[in-house]
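Undergrad: Okay, here's what each chain looks like letter by letter:
Number of protein chains: 2
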Amino acid sequence: MSAPTAQGQARQILDMNAYRPGNGQSRPVERRLANLGAASVLFYRQPIEMVGAEGAWMIAKDGTRYLDFYNNVPSVGHSHPKVVEAVSRQIAQLNTNTRYIVSVVDDYLEALKALLPPELSNVMMTCSGSEANDLAIRVARAATGGTGIIVTETAYHGNTALVTEVSPSALKRGSLPEKVIAIPPPGAAHFGEDIAGGFRASVEAALAEFGRRGIRPAAFLADSIFSSDGILADPPGFLAPAVEAVRAAGGLFIADEVQPGFGRTGDAFWGYARHGVTPDIVTMGKPMGNGFPMAAMVARPDHLEQFCADVGYFNTFGGNPVAAAAGHAVLDVICEEGLQENARETGAHLLAGLRQVAAGDARVTDVRGAGLFIGVDLADEAGRPDPAFTVQVIDAMRAHNVLIGAAGRYGATLKVRPPLCLTREEAERFIEAFRAALAG
Amino acid sequence: MSAPTAQGQARQILDMNAYRPGNGQSRPVERRLANLGAASVLFYRQPIEMVGAEGAWMIAKDGTRYLDFYNNVPSVGHSHPKVVEAVSRQIAQLNTNTRYIVSVVDDYLEALKALLPPELSNVMMTCSGSEANDLAIRVARAATGGTGIIVTETAYHGNTALVTEVSPSALKRGSLPEKVIAIPPPGAAHFGEDIAGGFRASVEAALAEFGRRGIRPAAFLADSIFSSDGILADPPGFLAPAVEAVRAAGGLFIADEVQPGFGRTGDAFWGYARHGVTPDIVTMGKPMGNGFPMAAMVARPDHLEQFCADVGYFNTFGGNPVAAAAGHAVLDVICEEGLQENARETGAHLLAGLRQVAAGDARVTDVRGAGLFIGVDLADEAGRPDPAFTVQVIDAMRAHNVLIGAAGRYGATLKVRPPLCLTREEAERFIEAFRAALAG
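Chains G and Z, in that order, are what the protein sequence lines are.
Quick note: the first sequence uses my numbering, first residue 1, plus one each step.
Quick note: the second sequence uses my numbering, first residue 1, plus one each step.
Simulated from the structure, these hints should not be mistaken for laboratory data.
Keep in mind that the hints are not guaranteed to be accurate.
One copy or two, it doesn't matter: identical chains are merged, so the pair holds either way.
To be verified - Simulated crosslink set (DSSO-like; lysine-lysine; CA at most 27 Å straight-line):
{"#": "1", "residue 1": "Lys61", "residue 2": "Lys82"}
{"#": "2", "residue 1": "Lys113", "residue 2": "Lys61"}
{"#": "3", "residue 1": "Lys82", "residue 2": "Lys113"}
Using the sequences plus the hints, can you model the full thing?
TA: The structure is reproduced here in structure tokens:
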């Protein structure tokens, strides 16, 4: 069980490269800060003004083209013409709520459900992954009668009041509520080589602690690629014993697919499928509409009935026909352009290239991942995670026209997460930029 | 202080006209139910399949054109060409998050802020009014150090876990948490004619009850047109003493403008402005993007800083340039087409016409409202609120090609809420349909 204040520290480190008000900033930066104030989240100490984007590239106002390895929302490629066309066509025709039947919506829901376990047959459409996870926790609590939630220690599951409680990485101060226990990520050093067994042991320790607190478990909530914990993908299957343990205690497994879903891991369409588990609830978001605000929670009808008996739930924008059109176009593009296969193949090429760089530089201590989601650990001369060096590399990558961010407990893991349409040439370009950034 | 179970009853009544599974439903209905399950919210016992919409009209698959008096999202008119054009243009060019500067976003935020009190200078963009209210409650708690929230007894403020707690009308069973007190709506019968004084007394009683519970107040959260409570608009100004009372006790006033905002009340751009009060926090949603999923919370920089010191908040889709383009187009259309003025004038015409109908039918016990937001109370022969009769009128209106819903504690208030582009002819048509529906 980690101390949340440690997570607060991790958060501070992750924020090291964020913009802070000061002298000498440009007018656009001052303007943004006046508009968003303390809630401003500008990236880079000298933020970038963007004017366009296409494929894997973003275009700044000064004409610079940046290779986007950071944003996993425009997953089929920025400004993809098929998604643009679908949104433009539908919004001109009909945009309403789910109080009426619109065939576009049910066509999409059926296409989406065909990709999911058949028992998860009810979909609740929302506007954001946060809303989807907020719902999932309540559905799990209503279905089990328990309240305890297990997450990993640098997890991030969204921004509502409820999901902030299960997102240790968002806490700057304070501690997790009694009903939430954060466990070490899979592969935490003290478990040695047995990642599956070690992770199961962590879940069982949390369940035992809930027992001592007199709290019944409701769910184990995990992003199966463990993005915020530093991208922990291997070995496939390690998640299964942990899921078994929570089920044996009466809890559900909620798969948060906001990060690994929609083909990103290459091996499977959903991250959980790499681990051979069937979740009780699946949530999804970010890449679902390639930037059109949409997300969903998928559950079993009997679980959903319990929740709906307590509360009348309606989401005004959730499941509108424009979102459905965007989402359907995304599924079509992933299939037609073979983006899951591309994630696997170009991802493998990228991983191999980055490992080659690592072999020649002791400061790159690990390169791991699945498909087009790769984590690269950076360390100091003594082999300790080095967030300051990571920020230096991120800045140097920017100077080489590559956008990339960091993750992990120490903020010392590069989060390599380009659009799924990435070409082999673009992967090469990234590897060269990384090599150059390391060279200073 | 109302018993939340009474609100559960109100909710059941409001649901009376909702679709329930059964025999003889069409294939599209069965399909929808298979997709959404218990979370299905289809309107009418025989739901309508829609294929298009324009202006104040929705077009069903069978070719029937319905006058839409129910949905206040497409507030400048369904499929408005200016909004369609703005979304289509921006989504083809750049759709990203607020980690980068995009001038379209700050142009919009400045246009929006120009319509708000100057001290509320920081905007947090979200995807839904629920997310905005979820944030507002947390900002108010962080800013005041208090936790108590006062709402009205049939209030609805959204669907996240936190805002469901302050939405008595969403509760089907269970009770409000200790930190939330629901007060009678303005003008509740037991206060007689002094609406302002009576409502202040209700707020003061809730503050005294918080005192007994050892809870410090954080905020009074209200929709200034009291939509869910049955549309309570008059007299303008009645809200001011209640706001004074909560401020005197150290709490904030959060104006939930999801319903009355963006010109709907005719007298002012925001609902709170009709009451001559300046809120501490303003939230907005539904009509903000005319259907593009977007919402916002606006606050004072010092209040926001308190919240941001505790939690790192980032909203992936919130404040994206496509939402900004949609929102800016909405502001432009409201201004260029004089929609606030139209809401005032066409609304007054509609109100007068409905009062004329009421004068000739004892079952129409009250007609009240502001601009294009009007409540019509329906009663039985003895003058008691009659939800069954209301459902009958709603069904009959549908037969006359008008879509309308109900609100209020008893579900016996017609919620008259057409798009702001409503013409005088369309208003006349509604009045005639209402007259015909009453005639049976």
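Undergrad: So, for every hint listed, does it hold in this structure?
TA: Hints and how they fare:
| no. | hint | in the structure |
| --- | --- | --- |
| 1 | Lys61 / Lys82 | both (25 Å within a copy, 26 Å between copies) |
| 2 | Lys113 / Lys61 | between (41 Å within a copy, 25 Å between copies) |
| 3 | Lys82 / Lys113 | within (21 Å within a copy, 35 Å between copies) |
Hint check: no violations occur; every hint is consistent with the structure.
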